[in-house]
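Chains as they are written, first to last, in numbering that gives the first Met the number 0: chain G, 0 to 851; chain R, 0 to 384.
Simulated from the structure, these hints should not be mistaken for lab results. The model shown is predicted, which means the values in this text are computed figures rather than measured ones. Note that CB positions come from ideal geometry on N, CA and C, so glycine has one too. Errors might be hidden in some of the hints.
Stated by the list, open to error - A few chain R residues that don't get close to chain G, going by computed Cβ distances all over 10 Å:
1. H72
2. S90
3. L110
4. W116
5. K117
6. R141
7. F142
8. A146
9. G148
10. E162
11. G260
12. E269
13. P288
14. N315
15. G383
16. Y384
What the hints assert, rightly or not - If we take Cβ atoms under 7 Å as the criterion, some of the chain G residues that face chain R in the derived model are:
17. K58
18. P71
19. L74
20. T76
21. R79
22. F113
23. L137
24. I196
25. L201
26. N703
27. S705
The residues making up each chain are set out below.
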Amino acid sequence: MTYVTLWKSSLRYAMHHPWQFTLSFLGIALGVAVVVAVDITNESAQRSFADSVETINGKATHVIRGLNGTLPEKLFTKIRLQTGLRQAAPLVQGSVFHEQFPGKVFQILGVDPFSEQNIRGYVPSLGDSQLDLREFLLESNSILTSRDLADSLSWKLGESQNFHLHQKTHSFRLAGFLESPEALEKEMLASIMVMDIANAQLLLQQTGELSHIDLVLPSLDTKHPFYHQLLSLLPNGAVIELVSDRVQSAAQLTKAFSINLNALSLLTLIVGMFLIYNTMTFSVVQRYPLLGRLRAIGVTRNELAMLILSEALLLGLGGTMLGLVGGYLLAHGMIEAVSQTINDLYYSVSVQTVTLSTLTLNKGLLLGVLGTIISTLPPVWHASQSRPQLVLSRSHQETRSKGNRLLLFVLGNGCMFLAFITLWQANNSLIWSYAGLFLFLIGSTLCLPQWTIWIVWMLTPLVRVFSKVIGVMALRNIVAHLSRTGVAMSALMLGIATFISVGGMVHSFRQTVVHWLSSSLRADFYLTAEQSSKQSFGQVLPNWWIHAVEEIPGVDNIGSILRLKVPSEHGVVLVHAAAFPEKGEDSFLFKEKTDQAWEHYYKTPSVFISEPFANRHQLKTGDRLSLKTPQGQITFPILGIVYDYASQQGFAMIHRPHFEKYWQNSDIQGLSIYLSSQNHAKAVRSQLEKLAARLKFPVRILSNRSLRNHTLDVFDRTFLITGILQTLIAVVVFLGMLSALMALQLERKKEMGVLRAVGMLPKQLWSSILQQCTYMGAIGASLALPVGSILAWILIYVINLRSFGWSFPFTLPFYLIMKAFIIAILAAVLAGIYPAWKMSNTSPTLAMKEEA
Amino acid sequence: MSPGKYFFLFILFIFSCPAIDWIPLAEALDKIVISESKKPLSVSSVLGETTDESFEKVLKPRHFKFPEDHGPHPAFQNEWWYFTGNLMTDSGRKFGYQLTLFRNSLSAKTLRSSSSWKTNQIMMGHFALTDIQQQKHHSFERFSRIALGLAGAQARPFRVWIEGWEVQGAAGENLAVTLSASQDELSLQLSLVNTKPLVLQGNQGFSQKGSQAGNASYYYSYTRLASSGTVQIDSERFEVQGWSWMDREWSTSALEKNQVGWDWFALQLETGQELMYYQLRQKDGKPSPQSSGVWVPQNGTPVKLSDDKVVIEVLNTWRSPSNKVYPIKWRLQEKSLGIDLVITPYVRNQEMTTSFLYWEGAVKVQGQQMKKSLQGRGYVEMTGY
């Protein structure tokens, strides 16, 4: 038989089953789209950051950075005058929001155009007729942007537009354009606005300070004499970093975040693969009779296998292409959510370019095309290897799969056992954690057929009570066709389990944070010097001002804090030098601590560390932490580990007097204010605001409640992307189920015909089909509950703990269980409607003919 | 071919497509940009032309006061401290140098701001060293705002600097200063002391540069500064001695429309006289009637040179690497004093490759006055070519 004829038979089959065909196609496309979208999002965020570091630092090889994110501006004069280093450029950095696009962050770079030669190529050079130096330096709202950015904001030269910063509106006048000789820079410049350094200092309230100084050093060698000369000029705590290291360390920072995103993407991938497998298996299994006949009339095994595989390849290719396009579009939406999270958690970045890498493309193609082909292999092998007459018989398939079922169950249990061993032994390896997660999911799907039989066996007496024969028949039918229903239910179970685990994880985390906030926010007001930029920890509060706060009537007690980055054996550690009244002790929730920890904490120089810090550096109570102080390297005993969900890097907390002794630093950046009675709250607040007006820099006064809300806002934004993924998974599962169950029901045509012929009413037919769908949905969803819970447990205690350092107890909220069941059953019932309608309208005689 | 092979090839094709990495290719194509050559510009257009009418203008002669007038005059738009000189080691190895510090005001009114970077005062520096034996000319440029001590000018104590390039010391009617500048592998350290009194150029230091009122500058010079110190090139250090020339000028004027540039000669003769002459060139190639100069005999009483008595003849020209044609040999004659000099650069390529291109370099002078032979060295500046 020629291939053309064979192809025609396939084509005709597809045209007779348009629903089936479309849903298969969509199933593949969706699976690919989600994976590709997550991948693109992740990569774009990472790449944007690396690019923005390069754009901001220009051609600099090194960066001088202060410990608290700022440098005294005099340092620049010293470097210029004393070392003679010409390639040094000061920078003042901050970010603003456009009035009309509040979600978009713009970086303000305050540059000294006289120092920019050879550093940032896009800053117009002197003598460039493009730059009106007089206007740029003297008009305090003059700004330069790239032409592309100006075009995108419809901003014309000489015109003004409004931006927001520190809750104030500023009007910027477009005074010129940045040059963009390189394509990469051009893209990155889309979120960069350049100002004169003086104007930027005034705007960002950073007078006297620089964000960093960029250098082009003649040698990367730290032994070069230049390096030592530079080091001797640096103020205490400032460091010279290699620009390339900075890109690295920032990548490390967001690694945890991207790992989490990757875990979700992997889950989606597994669900996607299952859906594709499900879809392809159906399209082959359904055609067994046709394939059997083809074999019977002389089509060879190889020809048949080739036919189906080429079909799968075409379908896979088509679906993948659609999926790639869909994923790319989806990524645009997701990127916004991710960059918001990154802005909240790490640094200002505006993801401009959606990076579609070859790797992502290959991943999508591999999943879509190869996944489709591999999923087709088992049914193809089965169809082509069997003897024609056996292929024609349905009962033969089920008999065969019954034997496999027990084997699968044993195998599945083995997989799960192995999964737990792997997870237990994984220590800090994320790859092994992922492997464990994957093994667990595989194991659970292999066990599903056996679990289904047990559930059906338990359900049968129950169903018999209210639905008699029809219901029991529908239920038992699931087991009778387990080789097909099993696959559909596995996909459903996996999808719903993922849905539950992701939702449950976020819910549990949020609950924990809420609980932690309510116990740790004990003071009535929190006051911090407004951060002048992302890098800065803010200004120092003057002593007279703190005394004035203490004197406000109604203020009972105040606590103070200074955050300092300190070099240690574990890299740079954030040290909190804290003082608080006795009742402030309650605001710390301990994971573990030594006996009489507080007493020791006050008496001897010692530290409490936060949980993420402990996890990151594998420290426990009783260990010692060595910190670099102006007095030299000092070792502090660790008295306890406190829960903290505010920072990922973690911190070490030290009693204020001990800190002052070793660091000779009595600066204060933040206050916590305890009132003697809540009645004074309003009066104290207005007093605080009055006092704040006397400071040269803005301070932020937050009430207990507003700080709590602010924190939860950030939390919710952080998990926005997770929510989006959860929704996507739900959609994938929904569509997948719809396609699988619909195909399954349409296949029962002959069986229904027989039943109709022996007296089943159309009404009963409806009932039978809808009941079967509901049962399958319910079985899948109920199996998803334990599987999803275990999955959530893995995500929380293995993956999250390792990537963020936070631990929290898992709780599964009832509303999530309800949602999961509703999605599963709704998809199942919807899937039943069309087949039921079609079959009830077909005459039994026609239905009984196999090729109707 | 069997169907299996077709299938295999098809799969191979599909998976090899994305492996062709088209992304770097696209990036590489984007990076090809045609580089534009730098246009020549004048000092004020580098720092921005002004129409600010509130700057003070040079309208009439003034009474100079020292040391105050060695310091800055921010009410005027432009100002410079111009040092050039010819130096020699004991063994006769010759060097020429130039260190110029330009001050420019972007606006006339004084600024007040809480940011120390805020300023309307800009400094530009040019530093050049001519290694005559090696026939090499090195030139550097730097800009800085007059803020945070990065650059500045002050009368008491006298100091003018842009980052590490600096002139400072005792300055009153007489000058005893040190000059230091270094960049890359070059370094110059000199002590300068005037051996002749200060010369007020033009009309008592009021130097008319154009036909319109205000197109003038205040201009004085130290025509002979005894100089000694060191020149360092790479790791080689030379003890040098010689003569320097300092020009001081400030104004709010620019060249007039029909003026395209100038040629400036500052010549120091071995017999103890100096000659300064600047010739403003018009669009039609003729010298402008505002061209002017001075002859300083040994006793120090200057004689004004007027344009109708001076004839400058170009004897040779040279095309620079930047494709400009400069005169490269001149004959300068002054009829009333009977001066006849031939001026030849020590090195042809002394073009300043700075933001605006000009030629400034050490020259050798040979000639006679009333049959008496004259020898000397000096500096020539040519702009607007």
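Hint check:
1. With a cut of 10 Å on Cβ distances, R/H72 stays outside the contact zone with chain G, its closest approach being about 19 Å.
2. Residue placement check: R/S90 keeps its beta carbon more than 10 Å from all beta carbons of chain G (closest about 29 Å).
3. With a closest Cβ-Cβ approach of about 8 Å to chain G, R/L110 is found to fall inside the 10 Å limit, against its non-interface label.
4. Chain G draws R/W116 into its interface by the beta-carbon criterion, the shortest separation being 4 Å against a cut-off of 10 Å.
5. Distance check for R/K117 against chain G: the nearest CB is about 4 Å away, which does not clear 10 Å, and the non-interface claim fails.
6. A beta-carbon of chain G is positioned within 10 Å of the beta-carbon of R/R141; the least distance is around 7 Å.
7. Residue-level check failed: R/F142 sits 4 Å from the nearest beta carbon of chain G, not beyond 10 Å.
8. Not every Cβ of chain G is farther than 10 Å from the Cβ of R/A146; the closest lies at roughly 8 Å, contradicting the non-interface assignment.
9. Interface exclusion of R/G148 from chain G breaks down, the closest Cβ pair being 5 Å apart, not more than 10 Å.
10. The claim that R/E162 is not at the interface with chain G is violated, since a C-beta of that chain comes within 10 Å of its own (minimum 5 Å).
11. Residue placement check: R/G260 keeps its beta carbon more than 10 Å from all beta carbons of chain G (closest about 17 Å).
12. The beta carbon of R/E269 is kept farther than 10 Å from every beta carbon of chain G, the shortest such distance being approximately 36 Å.
13. Against chain G, the non-interface label of R/P288 holds: every CB pair exceeds 10 Å, the least being about 31 Å.
14. Against chain G, the non-interface label of R/N315 holds: every CB pair exceeds 10 Å, the least being about 30 Å.
15. With a minimum CB-CB distance of about 16 Å to chain G, R/G383 clears the 10 Å threshold, and the non-interface call stands.
16. Chain G leaves R/Y384 outside its interface by the beta-carbon criterion, the shortest separation being 17 Å against a cut-off of 10 Å.
17. Taking 7 Å as the C-beta contact cut-off toward chain R, the hint placing G/K58 at the interface is violated, the least distance being around 15 Å.
18. Taken as an interface hint, G/P71 does not check out: its beta carbon lies about 11 Å from the nearest beta carbon of chain R, beyond 7 Å.
19. Hint status for G/L74 relative to chain R: violated, with the closest Cβ pair at about 10 Å, above 7 Å.
20. Below 7 Å, beta-carbon pairs count as interface contacts, and G/T76 has one with chain R at about 5 Å; its hint therefore holds.
21. A hinted interface residue such as G/R79 counts as satisfied when its beta carbon comes closer than 7 Å to some beta carbon of chain R; here the least separation is about 5 Å, so the hint holds.
22. Annotation: interface hint on G/F113 holds; nearest CB of chain R at approximately 4 Å, less than 7 Å.
23. Annotation: interface hint on G/L137 holds; nearest CB of chain R at approximately 6 Å, less than 7 Å.
24. Hint status for G/I196: holds, given a least beta-carbon distance of 5 Å to chain R, under 7 Å.
25. Satisfaction of the interface hint for G/L201 is found here, the shortest Cβ-Cβ separation to chain R being roughly 5 Å, below the 7 Å cut-off.
26. Interface hint status for G/N703: violated, as the beta-carbon distance to the closest one in chain R is roughly 35 Å, over 7 Å.
27. Interface hint at G/S705: violated, since its Cβ lies 30 Å from the closest Cβ of chain R, which is beyond the 7 Å cut-off.
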